[in-house]
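S.K.: Letter by letter, the chains look like this.
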Amino acid sequence: MQTKNSLLLIGIVMIMTTESFTQKQSPPEGSKPKDFVLPPKTTLTLENGLHATLVPYGSLPKVTLRAVIRMGNINEAADEVWLSDLVGDFLEEGTLTRTSKQLAEEAARMGGEIGVSVGDDQMSVTGSVLSEFGPAMVTLIADVIRNPAFPESELDRLKNDRIRDLSIQKADPNAITNERFRSLLYPDHPYGRVFPPEELLRGYTIQQVRNFYAGNAGGARTHMYVAGKFDAPRIEEAIRTSFGGWERGVEPLVNIPKPRSTREIHIIDRPGAPQSTVYIGLPTINPGDNDYRRLLVMNALLGGSFMSRITSNIREDKGYTYSPGSSVSARYRDAYWVQFASITTDVTGPALKEIFFEIDRLQSEPPTTEELQGIQNYIAGIFVLQNSSPSGIINLLSFNNLHGLPETYLTEYVKTIYAVTPEEVRQLAARHIREEEMQIVIAGDKKKIEKQVAQFGRVLP
Amino acid sequence: MKLVFPILPLSCFALTLASCTGGDSEGFKVPVEYFKLKNGLKVVLSPDHTAPIVSVAVYYNIGFRIEPRGRTGFAHLFEHMMFQGSQNLGKMEFIKLVQKNGGVLNGSTRFDFTNYFQIVPAHKLETILWAEADRMRGLDITQDNLTNQQAVVKNEVKVNVLNQPYGGFPWLDMPQYANTNWYNAHNFYGDLAELDAATLDDVTAFFKTYYAPNNAALVVVGDFDPAEAREIVSRYFEDLPPSDLPSTPDISEARQETSKRFSKDDSLANKPAFAIAYHMPPRNSPEYYAMGLIDQFLLQGDDSMLRQTLVQERGYTSAVDGGINLLGNMFNYNGPMLWIAYLFHDQATPADTLKEAIESDIEKLRTDLVDDETIDRARVKFRSTFYDQLNSFFGFGRADLLASLALFDDDPEKINQIDDMIRRVTPELIKSTAQEYLRPTNQTVLVLNPTKVMSKEEPKYAN
Numbered sequence: 122m123q124t125k126n127s128l129l130l131i132g133i134v135m136i137m138t139t140e141s142f143t144q145k146q147s148p149p150e151g152s153k154p155k156d157f158v159l160p161p162k163t164t165l166t167l168e169n170g171l172h173a174t175l176v177p178y179g180s181l182p183k184v185t186l187r188a189v190i191r192m193g194n195i196n197e198a199a200d201e202v203w204l205s206d207l208v209g210d211f212l213e214e215g216t217l218t219r220t221s222k223q224l225a226e227e228a229a230r231m232g233g234e235i236g237v238s239v240g241d242d243q244m245s246v247t248g249s250v251l252s253e254f255g256p257a258m259v260t261l262i263a264d265v266i267r268n269p270a271f272p273e274s275e276l277d278r279l280k281n282d283r284i285r286d287l288s289i290q291k292a293d294p295n296a297i298t299n300e301r302f303r304s305l306l307y308p309d310h311p312y313g314r315v316f317p318p319e320e321l322l323r324g325y326t327i328q329q330v331r332n333f334y335a336g337n338a339g340g341a342r343t344h345m346y347v348a349g350k351f352d353a354p355r356i357e358e359a360i361r362t363s364f365g366g367w368e369r370g371v372e373p374l375v376n377i378p379k380p381r382s383t384r385e386i387h388i389i390d391r392p393g394a395p396q397s398t399v400y401i402g403l404p405t406i407n408p409g410d411n412d413y414r415r416l417l418v419m420n421a422l423l424g425g426s427f428m429s430r431i432t433s434n435i436r437e438d439k440g441y442t443y444s445p446g447s448s449v450s451a452r453y454r455d456a457y458w459v460q461f462a463s464i465t466t467d468v469t470g471p472a473l474k475e476i477f478f479e480i481d482r483l484q485s486e487p488p489t490t491e492e493l494q495g496i497q498n499y500i501a502g503i504f505v506l507q508n509s510s511p512s513g514i515i516n517l518l519s520f521n522n523l524h525g526l527p528e529t530y531l532t533e534y535v536k537t538i539y540a541v542t543p544e545e546v547r548q549l550a551a552r553h554i555r556e557e558e559m560q561i562v563i564a565g566d567k568k569k570i571e572k573q574v575a576q577f578g579r580v581l582p
Numbered sequence: 005m006k007l008v009f010p011i012l013p014l015s016c017f018a019l020t021l022a023s024c025t026g027g028d029s030e031g032f033k034v035p036v037e038y039f040k041l042k043n044g045l046k047v048v049l050s051p052d053h054t055a056p057i058v059s060v061a062v063y064y065n066i067g068f069r070i071e072p073r074g075r076t077g078f079a080h081l082f083e084h085m086m087f088q089g090s091q092n093l094g095k096m097e098f099i100k101l102v103q104k105n106g107g108v109l110n111g112s113t114r115f116d117f118t119n120y121f122q123i124v125p126a127h128k129l130e131t132i133l134w135a136e137a138d139r140m141r142g143l144d145i146t147q148d149n150l151t152n153q154q155a156v157v158k159n160e161v162k163v164n165v166l167n168q169p170y171g172g173f174p175w176l177d178m179p180q181y182a183n184t185n186w187y188n189a190h191n192f193y194g195d196l197a198e199l200d201a202a203t204l205d206d207v208t209a210f211f212k213t214y215y216a217p218n219n220a221a222l223v224v225v226g227d228f229d230p231a232e233a234r235e236i237v238s239r240y241f242e243d244l245p246p247s248d249l250p251s252t253p254d255i256s257e258a259r260q261e262t263s264k265r266f267s268k269d270d271s272l273a274n275k276p277a278f279a280i281a282y283h284m285p286p287r288n289s290p291e292y293y294a295m296g297l298i299d300q301f302l303l304q305g306d307d308s309m310l311r312q313t314l315v316q317e318r319g320y321t322s323a324v325d326g327g328i329n330l331l332g333n334m335f336n337y338n339g340p341m342l343w344i345a346y347l348f349h350d351q352a353t354p355a356d357t358l359k360e361a362i363e364s365d366i367e368k369l370r371t372d373l374v375d376d377e378t379i380d381r382a383r384v385k386f387r388s389t390f391y392d393q394l395n396s397f398f399g400f401g402r403a404d405l406l407a408s409l410a411l412f413d414d415d416p417e418k419i420n421q422i423d424d425m426i427r428r429v430t431p432e433l434i435k436s437t438a439q440e441y442l443r444p445t446n447q448t449v450l451v452l453n454p455t456k457v458m459s460k461e462e463p464k465y466a467n
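In order, the protein sequence lines correspond to chains A and B. Add 121 to a position in the first sequence, counting from 1, and you land on the number used in this note's numbering. Add 4 to a position in the second sequence, counting from 1, and you land on the number used in this note's numbering.
Since the hints were derived computationally from the structure, they do not count as laboratory data. Be a bit skeptical, because a hint or two may be false.
[Said to hold, decoys possible] Anything over 10 Å on all C-beta distances counts as not near chain A; from chain B, calculated: (1) W134; (2) N167; (3) F266; (4) E291; (5) N333.
[Claimed, not checked] Here are the simulated DSS-like pairs of lysine-lysine, each with C-alpha atoms no more than 25 Å apart in a straight line: (6) A:K536 to A:K439; (7) B:K104 to A:K222; (8) B:K104 to A:K153.
For glycine and all other residues, C-beta sits at the position ideal for the given N, C-alpha and C.
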């Protein structure tokens, strides 16, 4: 129908240019590619097992410092959901010698602040400051990590903040779709426990907070990253001095999940919702697998870039949605592939049809060499961009370290991307995007979408 | 063990060093080469050889503020049309050209400009300049393309506003409540019916009126040779014809004389939210730079007054957000603007309590002179944040500032004078600025009233 329309309309195309019938020009090729080398880095290891990586980068007088600790939601028992997040909140509440206000003011005088973020596998403590304050920020971060005060006076306030944030998240269509999707893939694992019950959160004690941190922090689990413009000898000295006497702690916990997925549809009812928030996905290979980088090529071609097939189809051709995308989401020795989209309610079924159509098509015929080359250039270009900012460089290095990947993962990244063939892309799609195991979660107006989506799987009551 | 010694001494040492020597982070200069083509196109070149990439940004001097009446959201809908086809690049071809050459791209519509930008491997500079010139020359769009993008944009409004708790709060809402002139106070994402009403004739007319070289700035930042770039720019852009630009409408806001208060129901939200706004001093005035520092005192960073009061001391919320121009920064706009602070809180905390707490911090700035230590700290935060802006998104942040200063001030060199303008702000100026611009009668409060009914899905979590 869409095609027919556009054919009919060719006769009345609006031409806004003055020269409408000249031959189309091709874009100029540009000049020769410049060499790209990964920014050079130095690493050091302290006796307590703490690693540090220093990457001089750029000309702006700023430096980013980030301590990454192997501690996060993975370390939570079933009755400790978000305990690690609460621990993270507490790290900003002062040390044995500094109140939270003193911490904040000291960081501000360096042009930054202490930012703590807690994820599935890792917690990070970051400060981005003017270059001359790099060593002082190392010292401040070390104090936050080594000597947290965990003041009980702040416990009720921080728990109440978390309870409020939980409530706000539970009203967000994306957050609740993600939560259901995760809980289905990881039924008995911390990765599947995205939200805590409110009463659980309310019950946490200061002793639980302290014990959790003490049981998981230590030099052996910590990696300090420094990127930007800085005085390397002084930074190195600050790292040795301020982290040197810290205890080693225990080795990182390894708890690899066994994710599952079933071809069935879960609808979270949101009566009157103008859009259906959709997650379609399944467990897939993780960064430790040799095919992982190749999978990223397949993903970028299928749904993971603006020019990808699914985005071209359901956005640029059909107009069903604004910001669809697919991605590979990785944790330690674990990953899933997911296509997500917020789709206008009355075309939810048609959009799912097109998504499966594109998966089928890629599984049954290899892409052209030209299409694949475009995607390979795109991924190679993105890799250069990822290496073109201090925080981007730190992200890549810490990804590599978390997953225990060899240097060659990065040094041979571009080469590996370009080695993928069209037939391999087809095989990767067939092997890893198994439609019969596709878990579908939709937050939307159940009455209006139930019938539309029934043909794509059993709708759970 | 060894840990006790270094903590205080080291940081004091660093601080002393910095204040004694002035620190090595001051005096950083952005290279700026500025010229105009005969057709009026403003061009800024700013080399940076850190990484083998270039950012190309084209800014048109047309924002949603002055889009046509009866066509709310049109400036933004039009932005989407710029990706739908030009003379030499059909639908999807511009996007593919950038991505298959290893780059990223986007466009955005703001109060006073619409921008288009790409970050690509350095050797593709010519390719991208050619493509930008091609779509500045003219579009080639069908009704199908327009219909398709009307659907895409309506989905954008749904995902960001209509299907989202707190959607539009306060970035889209507050200008509509605080301003009185239609140009500043209409729904710039667009009424869905008015988006639907847009025609191909509207698209043609809008392009003809605003998308001309004499209404645009082109900025290149990154790893390139300026002489070579100048030659390429001239080659592709020199022969584009300028247009007769319409006179600028009156976008001024009358001085606000009484405080205003509004409330908005949100059926998707389950916790209340609170926002407070004040009209900014005119751009580039001494008071404007003073507001740049006041924003640092009150709102930016963990040490800021409002965070300390509302988060740390009183526990009303987990964060206070906001600043000057929620859709950008204090440099990339050109007209009336708001300083806004907002937060999410519990039903147990009445809006009046929040308002009083915020006003009490503000009142300190209106009655006392700020001490030197506080000013120094705010200046350092300002400079550090400013550098972050320059660095943001692989050099695009630098392009954004240069384009704004070229487009609005005809003076991109100003990028290197901002630190100095901030340094000139005195405690007396801060106080007088706060007295005039943070006075209660210049204030608009917006209270978001949550009316969400918990669905069947959620009782397992309820109390």
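S.K.: When the structure is checked against the list of hints, which entries are broken? Sort them ascending.
M.R.: Hints 1, 2, 6 and 7 not satisfied by this model.
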